[in-house]
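> Using the sequences provided together with the hints, build the complete structure.
Per UniProt numbering, the sequence shown starts with residue 1, numbered consecutively.
In short, the hints are calculated from the structure, not lab data.
One or more hints might be untrue.
The calculated lysine to aspartate or glutamate pairs, modelled on DMTMM-like cross-linking and capped at a C-alpha distance of 25 Å, are [unchecked claim]:
no., residue 1, residue 2
1, 95, 2
2, 15, 133
3, 31, 13
4, 95, 12
5, 29, 133
6, 166, 64
Nothing here was measured: the structure is a model prediction, and the numbers come from that model.
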Amino acid sequence: MEISQLVESALDEYKVFQTSQALAAQSWKYKMQASMLEIYNENIQDLLASKSNAGKGGKQQLLDLITHDAKGTQLSDLTIVDVSTIGQVSNLLQKAAHSRSVGRTDMNEESSRSHFVFTLRIYGVNESTEQQEQGVLNLIDLAGSERLSRSGATGERLKETQAINKSLSSLSDVIFVLAKKDDHVPFRNSQLTYLIRLVMVDSWLLVVAKPISEIGLCLVLV
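Below, the structure written as structure tokens:
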């Protein structure tokens, strides 16, 4: 299953947009915002950034993780787009797909060389009671792990494979420690785990997105 299909299925399963429209009759007004990024070679890149914001060589600007005492961990200059339909999300997914890093290895003709992170932020306010609600849905398509001896990776592909395997190993360590409920969780061992650590502490679910190569997984964090 492609990541775009997975995102659309998740939004349909949770009935995100249908529910927000139905609750309008009860004075609820919702605002939803989407963002999409990739973690490539331990660098975070904005997949929805306009070409005018691109760096040298047309590459996307790298984003920095900034930690605030009050706001927690945030990304600098991340593009966030207002959405109100699945169709709008689909268009953004197509744009992100064109910017995502892919490459060929001996094990995969067109291998994703990065972890893809889709985030939908939901803000709701009841205009009658002034009650407020907010939530976040994160879908993370993990790049597949490959054995170096079988991937045939050299040069830049070798560097990519090493970065992918290291981050997946860090994620495995985090999940193992969380399952044991140890006090110290090694979130800072990779950009992937550092980025999602706050969500994973509260609630996390690991599901299979596509059984390819050694690992083909997707994280659903709600």
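> All hints, please: hold or fail.
Structure-based check of each hint:
1. 95 with 2: Holds, at roughly 14 Å.
2. 15 with 133: holds (16 Å)
3. 31 with 13: With Cα atoms ~19 Å apart, residue 31 and residue 13 stay inside 25 Å; holds.
4. 95 with 12: Judged against 25 Å, a Cα distance of about 20 Å means the pair holds.
5. 29 with 133: holds (10 Å)
6. 166 with 64: holds (20 Å)
Every hint from the earlier list agrees with this structure, and none is contradicted.
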